[in-house]
Amino acid sequence: MSLRPATAASKADVVLPPPTERYPLLGWVWKHLFTPWHNALLTVLALGLLYLLAVPFAQWALTQARWEVVVVNLRLLLIGQYPLEQVWRLWLSVHVLAFVAGLTIGSTVRAGLWRAVPILAAPWALALVADFDLATRAHLGALPVVGLVAFVLGRLGHVYVRRHVIGLWVIYFPLFILLVRGLTAEEGWLPVVPTNVWGGLVLTFVLTVAGIIFSFPIGVLLALGRRSNLPLVRWASVVYIELVRGVPLVTILFMAQIMLPLFLPSNVTIDRVLRAVVGIVLFTAAYQAENVRGGLQAISRGQYEAAYALGLNSLQTNLFIILPQALRNVIPVLVGQFIALYKDTSLVAIVGLLDLLGIAKSVLAQPAYIGTQREVYLFISAIYWLFSYVMSYLSQRLEKALGVGER
Amino acid sequence: MKKARELPAAELSDLSAVRVVSADRAHTPFWRDERVLRVFAQLAFLAIILLLLGYLVNNMLQALSRQGLVLGFSFLSSTAGFDIGETLIPFDRSQTYGRAFVVGLLNTVNVSVWGILFATLLGVVVGVARLSQNILVQFLARFYIEALRNVPLLVLLIFVYAGVFLNFPQIRQALRVGPVMLSNRGVYLPWPIPTETFDDFRLFLLAGVIASAAIWVLLWRRHKGSGPAWPKWVWSAGVGVGLVALGWVVLIAQPPLALEYPEVEGLKVSGGKRFTPEFMALWSGLVIYTAAFIADVVRAGIQSVSKGQVEAARALGLNGAQTLRLVVFPQALRVIIPPLTSHYLNLTKNSSLAVAVGYPDLFSVSGTILNQSGRALEIIALAMSIYLSLSLLTSLFMNWYNRRTRLVER
Numbered sequence: 000m001s002l003r004p005a006t007a008a009s010k011a012d013v014v015l016p017p018p019t020e021r022y023p024l025l026g027w028v029w030k031h032l033f034t035p036w037h038n039a040l041l042t043v044l045a046l047g048l049l050y051l052l053a054v055p056f057a058q059w060a061l062t063q064a065r066w067e068v069v070v071v072n073l074r075l076l077l078i079g080q081y082p083l084e085q086v087w088r089l090w091l092s093v094h095v096l097a098f099v100a101g102l103t104i105g106s107t108v109r110a111g112l113w114r115a116v117p118i119l120a121a122p123w124a125l126a127l128v129a130d131f132d133l134a135t136r137a138h139l140g141a142l143p144v145v146g147l148v149a150f151v152l153g154r155l156g157h158v159y160v161r162r163h164v165i166g167l168w169v170i171y172f173p174l175f176i177l178l179v180r181g182l183t184a185e186e187g188w189l190p191v192v193p194t195n196v197w198g199g200l201v202l203t204f205v206l207t208v209a210g211i212i213f214s215f216p217i218g219v220l221l222a223l224g225r226r227s228n229l230p231l232v233r234w235a236s237v238v239y240i241e242l243v244r245g246v247p248l249v250t251i252l253f254m255a256q257i258m259l260p261l262f263l264p265s266n267v268t269i270d271r272v273l274r275a276v277v278g279i280v281l282f283t284a285a286y287q288a289e290n291v292r293g294g295l296q297a298i299s300r301g302q303y304e305a306a307y308a309l310g311l312n313s314l315q316t317n318l319f320i321i322l323p324q325a326l327r328n329v330i331p332v333l334v335g336q337f338i339a340l341y342k343d344t345s346l347v348a349i350v351g352l353l354d355l356l357g358i359a360k361s362v363l364a365q366p367a368y369i370g371t372q373r374e375v376y377l378f379i380s381a382i383y384w385l386f387s388y389v390m391s392y393l394s395q396r397l398e399k400a401l402g403v404g405e406r
Numbered sequence: 000m001k002k003a004r005e006l007p008a009a010e011l012s013d014l015s016a017v018r019v020v021s022a023d024r025a026h027t028p029f030w031r032d033e034r035v036l037r038v039f040a041q042l043a044f045l046a047i048i049l050l051l052l053g054y055l056v057n058n059m060l061q062a063l064s065r066q067g068l069v070l071g072f073s074f075l076s077s078t079a080g081f082d083i084g085e086t087l088i089p090f091d092r093s094q095t096y097g098r099a100f101v102v103g104l105l106n107t108v109n110v111s112v113w114g115i116l117f118a119t120l121l122g123v124v125v126g127v128a129r130l131s132q133n134i135l136v137q138f139l140a141r142f143y144i145e146a147l148r149n150v151p152l153l154v155l156l157i158f159v160y161a162g163v164f165l166n167f168p169q170i171r172q173a174l175r176v177g178p179v180m181l182s183n184r185g186v187y188l189p190w191p192i193p194t195e196t197f198d199d200f201r202l203f204l205l206a207g208v209i210a211s212a213a214i215w216v217l218l219w220r221r222h223k224g225s226g227p228a229w230p231k232w233v234w235s236a237g238v239g240v241g242l243v244a245l246g247w248v249v250l251i252a253q254p255p256l257a258l259e260y261p262e263v264e265g266l267k268v269s270g271g272k273r274f275t276p277e278f279m280a281l282w283s284g285l286v287i288y289t290a291a292f293i294a295d296v297v298r299a300g301i302q303s304v305s306k307g308q309v310e311a312a313r314a315l316g317l318n319g320a321q322t323l324r325l326v327v328f329p330q331a332l333r334v335i336i337p338p339l340t341s342h343y344l345n346l347t348k349n350s351s352l353a354v355a356v357g358y359p360d361l362f363s364v365s366g367t368i369l370n371q372s373g374r375a376l377e378i379i380a381l382a383m384s385i386y387l388s389l390s391l392l393t394s395l396f397m398n399w400y401n402r403r404t405r406l407v408e409r
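If you're matching them up, the sequences are chains Z and P in order.
Residue numbering for the first sequence follows numbering that gives the first Met the number 0, starting at 0 and increasing by one per position.
Residue numbering for the second sequence follows numbering that gives the first Met the number 0, starting at 0 and increasing by one per position.
FYI, nobody ran anything at the bench for these hints, they're computed from the structure.
Restraint-style ranges between C-beta atoms, simulated for each label pair:
| # | chain 1 | residue 1 | chain 2 | residue 2 | range |
| --- | --- | --- | --- | --- | --- |
| 1 | Z | A64 | P | V233 | 47 to 55 angstroms |
| 2 | Z | A367 | P | S372 | 36 to 44 angstroms |
| 3 | P | G84 | Z | A367 | 25 to 33 angstroms |
| 4 | P | P338 | Z | I212 | 24 to 32 angstroms |
| 5 | Z | L273 | P | L52 | 15 to 23 angstroms |
| 6 | P | L315 | Z | Y392 | 37 to 45 angstroms |
| 7 | Z | K360 | P | W234 | 54 to 62 angstroms |
| 8 | Z | L177 | P | A46 | 31 to 39 angstroms |
| 9 | Z | Q302 | P | E33 | 17 to 25 angstroms |
| 10 | P | E262 | Z | L127 | 54 to 62 angstroms |
| 11 | Z | V54 | P | E262 | 25 to 33 angstroms |
| 12 | P | E262 | Z | W59 | 25 to 33 angstroms |
| 13 | Z | A367 | P | P338 | 39 to 47 angstroms |
| 14 | P | F138 | Z | P190 | 48 to 56 angstroms |
All C-beta atoms, glycine included, are put in the ideal place defined by N, C-alpha and C.
One chain only, chain P, in its complex shape (with noise of 0.2 angstroms):
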């Protein structure tokens, strides 16, 4: 007979195995005996769910072979048929469905992108708005989070969509913020196009980056041998665009890039960047929805930690912003990576959402496929494990992240 110790180092199951020890050794019958109990109950599990499993396939198979319909993934080649409205790379309707896929794929990762980003700094900003002592700022703050936490998301993005940017006049009578235009055709915004001086200006461009990681990584390096602790970021951000400065300057005579600005020109608009009310809604949505969320993990991870810290921080000698830098943030990331890391996630995944207000994501590009071919099995599946790796992908990334902010425990 082995001992407990032996056995599978579970959390429970050790526990088990001392009972079946502590009973009578050589006389235990097999349907008392844990360790058979054990292998018979997962094999019963495994027979039902096996059996739950092909029951739901097979009445699938039965219904597909009612219809005709053969399962494949052949059809991703043939022709889609459809125009996309937004691209980020190529698409007319003679192209397959499967570059379908990857465009809508392409929006999906776009808006995640832009949204991730700005959703943190707002929620970042708010948060510590949330904590500011002047009581004005921080009840604008708590509005703000209580007002967007209990507000569907769906009903957010329609609202933003069909009662601010689809309220925006026309394009003649368009609304001018500055050098922004804002009409019901989409917002236009004022985008800097390279001119035939560019390409000098890279190599200007490339030097800076890699003075300025060079100088960061060197006094970094000195840092940590226990040298003086030099500003690293004033520094190697001063050097880095002293020298894109200078390529400017060198190349005056026709300035790199040129900022164009858009113009109303009959029923069009030439010039700047036009970003689409669907882009417009979904984007700022996703922003301000999240934002909230994220200004609450924020000022969590900033109450986390303890008062005690700031006060030896300054008793230490250190200002405010140091204070705040060197001694609260590092600790309060530990606080606020993880959840915050759901909250991306969150946020991914809430762009599927794009369906409702008309922007050509990963999923609203399924559903037209889906209309056009009728293969729901393969094109619902394909959907979901594309998402499903965005998602992993996502936490791997932040897993990562936070393993290296985490207190290292003796």
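Here chain Z stands alone, though its shape is the one from the complex (with noise of 0.2 angstroms):
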């Protein structure tokens, strides 16, 4: 017989899978239910403690949750203040997100792809269901278009795509900012949004991706620095890491809230937004500075001797050599580190931001909705979730699909 894998065409040639073990429903619930003796003991606990905690909380999810405080402050939670005749530049950045993310999954993602049903569903769930205008609904319905399209081309020219998706991300980051921000005076057409009315999940999403930008440049050049053969380098990177790294965030943004407009001449000032982002750049710099050390420890001496004899110097050496290699190797850990960015920019609620959090303390605190906190809370954990949640799982992806670890 031969060893070529089996084609549709020579049917006697199939190849069976190896046969597994198969039980009947009863008892497949048997074996890994019941089996032995203290397992069922497991399942009843177990049962019972998802009686106790899952049927109170749809009896109170269902019957007495007042969910309207969500829905009549849905705008005010995604994009804040943000004037409504520039509405469509997020709108165009959201569209273009997922196109981006289309092209992702599409070039990377093989298997288990029904997880993206819900995802593509949701927006025209909720045009169909919820009582938007019609050019909220036009977006969200044209949402899913768009993602499929990008997700076909993606599929359509996997190899070429796959290799140019992480530079997809470096250039959307930027030109999110910039859609946000605006770029021209107030006549001009994109004209300057400024930062006391941005708000909400834009807010928090502005955070993430200037923390995220100007973190991993300032971080990489920390661990090169930590790794340099020059002493006063490697002691003053050292010194940073190791400061910032024991410090909590809350405190660092405290200190860039207060501090900053004293270290800068007095005819400067900085707005509270650009503080908040100072102060998680600062923090993501010097955990990013580690996470990149791990990559750059895992390259071979090898690697650096090959590079010197060839005659590149120690900048073309990092630059082409060395870097691309270690950073291929802590995608999972990098982006890991962007996902708890995510995750902490929560904390400039506490100094006094307006982000998605701050802007629910705020809906809170209207008399109309005062003892909703748990309904409010939970429809931003839910939101802070999915994100988070979408995020690693492309990661993964990404880094199955990059090999690492393979080559």
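Put the complex together from the two separate chains, hints included.
And the structure:
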């Protein structure tokens, strides 16, 4: 018999999958839930726990909860006070996001695509069910289409797209900030929107994206500095990294809010969002430095020696030989750090910014919605959860597609 | 000219030295000599850093002098003028800022220690459940981990505080779960109160601890000297508990500890131990959040022990519990400890989010002092350095423990 994989044409050669253990349904239940005897005990305990938690929750969520607080304040929670006539810019950035995400998924994900179905269906369901105006519905309806088109494109050119997927994200992030902030004066085609009206999920995203863009290069520099053979540079990096990693983020945010204006000359004013970004970047850079250092340590010394032997200088060696390999090895860790950063942006609510959490607090301060903390906080938890779950899922797929740890 | 070997042995320096040596030896001009360039590069780096720092500090000093402020820590000895809701040591408004700091620090340590303890317990349980053969248990553990890892701690804390602990009924309709009383003023637990005979009982306690430690050491020595492997824990714990029980029986006429139950009396609660909603929210939030991360660490650690180890242990005749205790766990621990350390550190640092639920920890007290005294720079510096030393202490301890458990390589 030939060792070639069987094709549809030669049915006689079909290689059957190895036999598996098969049970009838009851047998399966018996094996996984009731044998040996202590497993049965565990099953009963788990069922009891599930009953104790799920039933009261479902009762509350379906009958007592006042979900209208979320429905009425949805716009506030998502975009804060962003001017209505400029909302198209946010929609545009969401469409581009759907496009880039579609390309990423299309070019990297092979199995388990059914998971994407709820994500695709959600905007349509929202457009049909919720009481939005026509423009919102049109945008919502278009989102899955954009995502699907990008998915098909990514699937078609997967070899080519896969190589540039990270580049696409690198371009997308500054584009997002640009779209939110604006470029021209009041009368132009992309007027600047002042930061004091940024809020809700948009502000959370802006803080996350700005944190990612700026903390990454600083982190790489610090990591290289920590492995430098110049003692002064090495010590300075070590001191910075260990200092920052030893204190809580909220103290750094506090310092950025209170001290930053003191450190700058008196004629320079720096707005509160920017101060928060500075705090977040200074904090995350130290952590990213440690992650990148992990990647650098995994590079064998032969790579440096080979690069020097070829006549590359230190800059060229790091830029073209070492960093591309080192960073590829730590993509999952880097993305994990970005997810942590996304969750950590909620701390700016403590220093008084109106991000998703901050605006949720101000919604709860309205007299009409006293006593609806559970509804509002559950809703924003769900939003935080959704995006960080999707991010970690995509990074796992990307890791597999890039063959990290295989080459 | 020196040879490459004599140059500093940092990882890359000898590489660059090789290139220096291979260049034209006698005529390397100084601007291309790497040894000179290294010194210049560092001097330039130092100059840039110093200039930057000098510029920032100069700006700050100017801003401070415009506001008429002088730097210094003398304010720590002036009167605080505010009360703190929860203290481990006595404190009132007539005492100093310095003592207020200490109160906050003790509260931080308190919540961190209890948080670390319970997060570890819950995390290990969930992590083992995640690997259970029981599909339902596995699903529950997985749901727990995935749900909590992807939600910000701050949102969880505020939800637990405002949505759970403040939502309990008022004191007169307090909820009772067994002996525990839940109300919006806190959680009340029955608490043992020492009676007159407690002093005598203490002797028995001491004797029990000493005896069990002695027996453990004795059996351990015998075991190490290739003696029979007695069940050390059973014997030492048995003797210890036995001595304490004996003490209880001797003093049975007046039991040394009396359990006091919380009772509602009008608008107050007498007896029992009260845990404020702020403490409970912070503590439970930290525990359930950190436990999700610890569970994942524990799962990864256990999975890192190869299956052959378990099979070999079974082939040698160890039973399930012995395999876990003697073969799997010691090896898993090596993988678990380094990430576990960082989660402990995270928990300690995350306890600063107490400020969002109103628990008077170090950071929250610092904020109050800052508002009262206006000494931003000193207070932030002080708070940061205390957190830094807490982190360093924790990591020193965990590094010591890690050295003890790691593989001894030959």
